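If you read the sequences in order, they're chains A and B. Under the working numbering, read the first sequence as residues 5 to 295, first letter to last. Under the working numbering, read the second sequence as residues 2 to 243, first letter to last.
Hints are computed from structural coordinates only; laboratory data are not their basis. All figures in this text were calculated on a predicted structure; none of them were measured in a lab. Misleading hints may appear alongside valid ones.
[As the list claims (entries may be wrong)] Among the chain B residues that face chain A by a calculated CB cut under 10 Å, a handful are: (1) 152; (2) 160; (3) 164; (4) 183.
All C-beta atoms, glycine included, are put in the ideal place defined by N, C-alpha and C.
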Amino acid sequence: MSILAGLWEPFATFGFMRRALVASITLGMGAGPVGVLLQLRRMSLIGDAMSHAILPGAAIGFLAAGGLSLTAMGLGGIAAGLGVALLAGLVSRRTHLAEDASFASFYLTSLALGVLIVSARGSNIDLLHVLFGTILAIDGPALYLMAGITTLSLFLLSFIWRPLVMECVDPGFMRMTGSRGALYHMVFLFLVVINLVAGFEALGTLMSVGMMMVPAATARLWTRRLVPMMALSAMVGMLAGFTGLLVSYHFRLAAGPCIILTCSAAYLFSLIASPVGIRAGGGGSSPFRSH
Amino acid sequence: MSYGAIGLDDAGVTLHGTPVWQHVTGSFPPGSMTAIAGANGAGKSTLLRAILGEVPLAAGRITLGGLRAQDFGYLPQARIIDRAFPISVTDMVLSGAWRQTGAFGAAGRTVRQRAADALRRVGLEKQAGRMIDALSAGQFQRLLFARLLMTDATVIMLDEPFTALDAPTTQDLLALVREWHAQGRTIIAVLHDMHQIRTCFPHVVLLSGGQAIWGETARILTPGMLQRAYDTPQPTWAGSPA
Chain A
5 MSILAGLWEP FATFGFMRRA LVASITLGMG AGPVGVLLQL RRMSLIGDAM SHAILPGAAI
65 GFLAAGGLSL TAMGLGGIAA GLGVALLAGL VSRRTHLAED ASFASFYLTS LALGVLIVSA
125 RGSNIDLLHV LFGTILAIDG PALYLMAGIT TLSLFLLSFI WRPLVMECVD PGFMRMTGSR
185 GALYHMVFLF LVVINLVAGF EALGTLMSVG MMMVPAATAR LWTRRLVPMM ALSAMVGMLA
245 GFTGLLVSYH FRLAAGPCII LTCSAAYLFS LIASPVGIRA GGGGSSPFRS H
Chain B
2 MSYGAIGLDD AGVTLHGTPV WQHVTGSFPP GSMTAIAGAN GAGKSTLLRA ILGEVPLAAG
62 RITLGGLRAQ DFGYLPQARI IDRAFPISVT DMVLSGAWRQ TGAFGAAGRT VRQRAADALR
122 RVGLEKQAGR MIDALSAGQF QRLLFARLLM TDATVIMLDE PFTALDAPTT QDLLALVREW
182 HAQGRTIIAV LHDMHQIRTC FPHVVLLSGG QAIWGETARI LTPGMLQRAY DTPQPTWAGS
242 PA
């Protein structure tokens, strides 16, 4: 088999591979830019926590639909994720606990609750599907939902772009100008949740956050400009989807982990090859600094 | 537009159950230039934020003399700003025109021209296309002043505007503050440098032991008052208002 055939044939031959490829590209396109902002807002842990927080809602959707249904589980996941975000925000405003500490408490509770619900009513295989996803079993309706989420995500992101960015840089100044920071923060958390929900049928609740965070971290090693950074993050996610699926097909490995590990390989390469990676040392000697 | 003094009437602020300052009464007349001084933790920044409505009062009231929120310009401490964020110098200055552009409006030719003028005024015109993390501490402070210029505010509130700056930068920015004062704007600045306060600020609020001593600088900043302000143990609370 020629190299070109090896790249093309799996997708030309099998419908499930084509659907998995479209799913990966869709996920990368939506989650990449959100991941960049999540990191720049210093909320990486919250992204991880949120991916666990959606589990009980997804589990209830799973029970209600009587099996794996992205629509039912997605709606449940969105409700659970937003519920945890609201609760964590409320706790951090009413107590001295920071938002990440509140999230950490709630997501662990959610994770345990979700696993309990699925394992009580479903099989171990169902639990594995919820936790690690089934990207090769993505069907048409699931693809439509993912594409819808990505479209909504990119549209909302462009709509709240300016306040979201300026709130990151200088929240104090923005409060003074009358910007509604809390509202934009909640819209942003909504974006995080829906992108995680889009990813969990493909990659599971445990790995969907990988498509958000690892490409974003990779992109940050190559550019200091925000828009190229987000475009690069999306590109890394999409390419990792393509490459990961090929690796999975040719070496008969699980597809979801292959995709995330391909993202990780791009990150490791960037750590070594990027001028601001580990070669720069100490984290403080940016080549972009002019003096 | 004519407006009255910003007044505090028996005002007090409590953070996490501990009073920061109490029974504070005084006013900032229109066009006045006042420094807020006091030891670390005395509640200087808290006073600014209380006037801006960001910190709720535990007692008393603050009147704004007919001023609206958009009449205030605020320069926060540079250390609370994320200087690593990938945003250009020009975009940062343009955010000062938020009240004109809002969250969704375009930054038109006039606004962009004002941004270019503001950068030129603080000597940063050559840095307009750079990212903010490429600026030195002094350049970054100049950038914050340029953003403040964009707000065209009637009342300008500065929180430690000259901390950790070299003498030439401090002199340049101080000249800008004097220019604002000469234009009739009200200046309220949190400062640590007593020499700077004595030479440039006719009025001072000295926060000491949870109280505010208000008046002409020469009358308030006496050796005895300063010793009392800086030797008095400050109230402690979870959090650290400067």
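Status of each hint after checking the structure:
| no. | hint | in the structure |
| --- | --- | --- |
| 1 | 152 | holds, 8 Å |
| 2 | 160 | holds, 9 Å |
| 3 | 164 | violated, 16 Å |
| 4 | 183 | violated, 24 Å |
Of the numbered hints stated above, those contradicted by the structure are hints 3, 4, listed in ascending order.
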